[in-house]
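K.L.:
Residue numbers (our numbering), protein chains in the order written: chain A, 1 to 201; chain B, 202 to 781; chain C, 782 to 1062.
Please keep in mind that the hints were generated in silico from the structure rather than gathered at the bench.
C-beta: ideal position from N, C-alpha, C; glycine also.
Treat the hints with caution; some may be incorrect.
Unchecked claim - Which residues of chain C face chain B? A few of them, derived with a C-beta cut under 7 Å, are: (1) Gly868; (2) Trp930; (3) Ala1048.
Unchecked claim - Under the rule of at most 20 Å between Cα atoms (straight-line distance), these lysine to aspartate or glutamate pairs were calculated in the EDC-like manner: (4) C:Lys1040 with C:Asp1014; (5) C:Lys804 with A:Asp195; (6) B:Lys369 with C:Asp1059; (7) C:Lys1003 with A:Glu171; (8) C:Lys804 with B:Glu638; (9) C:Lys1002 with A:Glu118; (10) C:Lys919 with C:Asp931; (11) C:Lys1002 with A:Glu121; (12) C:Lys804 with A:Glu52; (13) C:Lys804 with A:Glu168.
Spelled out, the chains give:
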Amino acid sequence: MTARRSSPSKPSASGAAAHKAARTSRRGSGTRKPGIATVAELMTHAYAMEAEAAERYAEFADAMEAHNNPEVAELFRKLARIEHLHGEQVLQAMGWATPPPHRGDFRWLGTEAPESGERGELHYLMHPYHALRIAHQNEQRAFDFFGRVARSAGNAAVRKAAAEIEEEEREHVHLIEEWLKRTPQPPSDWAFDPDPPTGVT
Amino acid sequence: MAPTVAGSKPARSLSLAIAGSGGAGVMTAGNMLLEAAARAGLYGLMVRISGPQIRGGEAGALLRFAPQPVESLDDHFDVLIALDWQGVHRLAPEIPLGPHSLIIVDSAQGTPPEAYVRGAARCVELAMKNLSKSVPGSWPNMIALGIAAALLGLPAEAVDAVVKKSLKETSSGSVAASLAAVAAGRAAASDIGASFTLARSAQSAPRWLITGNEAAGLGAIRGGVRFVAAYPITPATEILEWMAPALAQVGGLLVQAEDELASINMVIGASYGGVPALTATAGPGLSLMTEALGLAVAAEVPVVVVDVMRGGPSTGIPAKTEQSDIAIALNGLHGDAPRVVLAPNSIADCIVTTQWAVHLAESLQVPVIVLSDQFMGQSCAVIDASPAVTFTGARLSAAAGTENYRRYADHASGVSPMAIPGTAGLAYTADGLEHDEFGIPSSQAADHHAQLAKRSRKLALADYGPLWADVEGDGDIAVITLGSSTGPVREAVAAARSRGVPARMISIRLLAPPRPAEFASALDGARRVLVVEQNGGAQLYRYLRSQYDMPGDVRSLARPGPLAIRPSEVCRALTQWGNA
Amino acid sequence: MNRARSAAVLEAPAAKDFKSSYKPIWCPGCGDFSVLSSLTKALAMLGLRPENVAVVSGIGCSSRIPAYTTCYGFHGVHGRALATAAGLKLARPELTVVVTGGDGDGYSIGGNHFLHACRRNVDLTYVVMDNHVYGMTKGQPSPTTEPDWDSKLAPGGTGLRTFHPLVIALAAGANFVARTFSGDPNGTADIIAQAIRTPGFSFVEVLSPCVTYRPEQREWKKAVRPAPVAQTDDPARAVRRIMTDDGFNIGVLYSGARKPFQPPIGAGKATAADLERDFAL
Chain A
1 MTARRSSPSK
11 PSASGAAAHK
21 AARTSRRGSG
31 TRKPGIATVA
41 ELMTHAYAME
51 AEAAERYAEF
61 ADAMEAHNNP
71 EVAELFRKLA
81 RIEHLHGEQV
91 LQAMGWATPP
101 PHRGDFRWLG
111 TEAPESGERG
121 ELHYLMHPYH
131 ALRIAHQNEQ
141 RAFDFFGRVA
151 RSAGNAAVRK
161 AAAEIEEEER
171 EHVHLIEEWL
181 KRTPQPPSDW
191 AFDPDPPTGV
201 T
Chain B
202 MAPTVAGSKP
212 ARSLSLAIAG
222 SGGAGVMTAG
232 NMLLEAAARA
242 GLYGLMVRIS
252 GPQIRGGEAG
262 ALLRFAPQPV
272 ESLDDHFDVL
282 IALDWQGVHR
292 LAPEIPLGPH
302 SLIIVDSAQG
312 TPPEAYVRGA
322 ARCVELAMKN
332 LSKSVPGSWP
342 NMIALGIAAA
352 LLGLPAEAVD
362 AVVKKSLKET
372 SSGSVAASLA
382 AVAAGRAAAS
392 DIGASFTLAR
402 SAQSAPRWLI
412 TGNEAAGLGA
422 IRGGVRFVAA
432 YPITPATEIL
442 EWMAPALAQV
452 GGLLVQAEDE
462 LASINMVIGA
472 SYGGVPALTA
482 TAGPGLSLMT
492 EALGLAVAAE
502 VPVVVVDVMR
512 GGPSTGIPAK
522 TEQSDIAIAL
532 NGLHGDAPRV
542 VLAPNSIADC
552 IVTTQWAVHL
562 AESLQVPVIV
572 LSDQFMGQSC
582 AVIDASPAVT
592 FTGARLSAAA
602 GTENYRRYAD
612 HASGVSPMAI
622 PGTAGLAYTA
632 DGLEHDEFGI
642 PSSQAADHHA
652 QLAKRSRKLA
662 LADYGPLWAD
672 VEGDGDIAVI
682 TLGSSTGPVR
692 EAVAAARSRG
702 VPARMISIRL
712 LAPPRPAEFA
722 SALDGARRVL
732 VVEQNGGAQL
742 YRYLRSQYDM
752 PGDVRSLARP
762 GPLAIRPSEV
772 CRALTQWGNA
Chain C
782 MNRARSAAVL
792 EAPAAKDFKS
802 SYKPIWCPGC
812 GDFSVLSSLT
822 KALAMLGLRP
832 ENVAVVSGIG
842 CSSRIPAYTT
852 CYGFHGVHGR
862 ALATAAGLKL
872 ARPELTVVVT
882 GGDGDGYSIG
892 GNHFLHACRR
902 NVDLTYVVMD
912 NHVYGMTKGQ
922 PSPTTEPDWD
932 SKLAPGGTGL
942 RTFHPLVIAL
952 AAGANFVART
962 FSGDPNGTAD
972 IIAQAIRTPG
982 FSFVEVLSPC
992 VTYRPEQREW
1002 KKAVRPAPVA
1012 QTDDPARAVR
1022 RIMTDDGFNI
1032 GVLYSGARKP
1042 FQPPIGAGKA
1052 TAADLERDFA
1062 L
């Protein structure tokens, strides 16, 4: 998970152009979202994805810590650090000093950014293996997203850049899979807690 | 503060009742009589009693007049004007007669039973209804007004002015007819051959006509209350009726809530937002509010609840007075939940005590319960105009820019500055959960102990000043009382002293937190204590026994409502004990 | 104080500036994490500042939200948040007041206040995290629990018809009625923002699964769908739609134009002394 995010082949657009390029679109039901039109827009998506992923992993780590699952908490913190690093790499690659502005009109395939872990997948007794499964799903979705853009974007530069990132994501998926192989599978009774739940209020 | 009558029964007073039923207009006549007497330089008190019907039931206007402020009913009524006797027998226990009493009866409309009039000096027949028929467009209650005014020796101008003012909204025909009826009543009274003229006061200071409920409202607004949320309940509703337009005039707001639970929580919300807030209710409503009051204690939110006590328990006797919410006010919150409980002891005192309640709530960030009662709340009195009082100190607000702000910081005084929403950098979450100094929920022993101590300490360390009680006189027997029982007790103590029984009176205004040092000082030298209160469970007596060391012999005179405590029953208890 | 990330003056706060450093105690997997995220995002989208927002709650897991924000918070007693919030808003109309809580707090003990809040139409936004259960007290049925859900206090199920909060809200006069799903935090953020922007009483029901007592609610993500028709401002039409939906139509279902209840406060200029006229002879 340490593969650097390389810069796209074309020179990056300037910060100002990136602002202009972020187009507003209303997210109404039944309207087709227009595709990603510029490399800057693509990289804005890439950055947002990493930033949100990092925040989400940090939230997961906090929840695990509050529930006395330090091993998984530490794993999520590590994943958060990695995503944060990826985000920094996007900024560097684009020469952006600060995160690119956006109007929240992302063209994700689902309702959330692809690398943001599904909150409903957590369990207070989860094992590191489960956490990595979540990470795997995240990277898989990211891979799918960039693959879709690589094949369907109107702009050739965007397609090319997306294809490069898709490759990186494929590598991430692979790395997670390797990590999973090294990680013990949880026993079948991993979710067993002999104590019943407590009433709190 | 209204002047108290220290240790003296009114040198002369007249008690006069007007009774009738079925739309007789007894209350109207009584109100007019009180106002006319006030204009003529007398002080007075009017108590309204009635049956359960909303209209048309039996009704009695019980009045007492004197040259100095009146705070209690006398042992007997000197005059009873009975317009009829349908259902009025149900009111008879509240209109006790004595050997010198005079009853004016209209036999054609029913007569009082022999058992009731036995012992009354004179029964005089006066056909008031026929008399009113002889003045077209008039009513028997205006005849009664004229009779009463004549017996009191009130100048005609005073009465006529009140009649014109009260009826000016209706057609001028009825004003003229009423004036004529009053004159006819006055003329008929001269045949009775009785006169109860009282000395008039010098009338130097301006005076007011006000009920206890209105007085509480005025005190609240003087104290800074600008938000009220409340639910109607007898006998507190008039507080809301007066405050609704009054608050709007001063830039405040009153809303009627869907129930008492909403009322108290709305008031807490407004106060959390920085606006001094109050609600008014009676026993059943106070019961509903206890949970939220505990929240206000725990989260340290200022709030004032005026409880106009009535007959309990449960629905009880809604339109009659009693002092039986003492226990719930002092003990009704779960957990260790110290709060302030005040008890105004006269109609005039409702103004200052309610204002004081707002001041204490704001400066100590605590709920304050004001125990008024139906007797004071719904009775109207002539009082000296109440001068505005300023209490120093107000809500301690956190200053913008405070670093590392801790809402519940454990300062020595126990009072921690309160951040007002809208102030940047100081946001906190107020919580009913036990919390640390930052307000973050905590189940840790250290935090719980520290916060409990803080909330208790802030009340214990506050300076309440001389308002905590009215201590009058000296003597071996100390009579301790509260609220509306103070009036009759004060008269009883004066009467007992004149019979050679030295007694002092302590009317407690600050029931909680307890004040051991002040209490001990007030009792210094007393060897006997009589606790007088209007409830069956001796609630004040038991509270005092639990909180204070008391000297020697302590006795309880606890009698529940609905009948007023009379000066003579207290005096009898004092003299029997004093001479024993 | 709700320990903000930065003590410095915040310029145009972002969503993260509305999150306090206090870590939620919710079970991992709880839908309320999403709702917290959606709420903070909505507040940021609206350009609000934390000190001008108050979050008022009752008792329950979802009622813990205020302290997880950097706004002024009020964690009151069970079922009374709407009353507290109304008092706060009426006394301080310039604040943005958001009310949060669960289905038990809001529809059971809070039911009466819910009705009257809709009727009164004070400018509040009420976000209910509905998980069809009382979580904090170990899993009892709530008014929105299915009649056949087995539990210790109602073995075999309550047998009672479920409460339909959106229909009741509409019937009682709510000016904005929406349903969202915690599994779509961005969509929920948009709707919460719209609810806050809409004057009057705005009611947002968020389906927010309880992983501990209702693990089967993980299937909700497959059941929810965008409401098949656009929002309406015709209450009768809205009621018909809501009454016949299966509880999984997501979106703004009704948005009206009722004027909010906000009697003027602070306008009157008389003093307490002026009021004495009422009593002077």
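K.L.:
Each hint should be assessed against the structure and marked as holding or not.
P.N.:
Tested hints:
no. : hint                     : verdict
1   : Gly868                   : holds (3 Å)
2   : Trp930                   : violated (29 Å)
3   : Ala1048                  : holds (6 Å)
4   : C:Lys1040 with C:Asp1014 : holds (14 Å)
5   : C:Lys804 with A:Asp195   : violated (24 Å)
6   : B:Lys369 with C:Asp1059  : holds (17 Å)
7   : C:Lys1003 with A:Glu171  : violated (30 Å)
8   : C:Lys804 with B:Glu638   : holds (17 Å)
9   : C:Lys1002 with A:Glu118  : holds (11 Å)
10  : C:Lys919 with C:Asp931   : holds (13 Å)
11  : C:Lys1002 with A:Glu121  : holds (12 Å)
12  : C:Lys804 with A:Glu52    : holds (18 Å)
13  : C:Lys804 with A:Glu168   : violated (33 Å)
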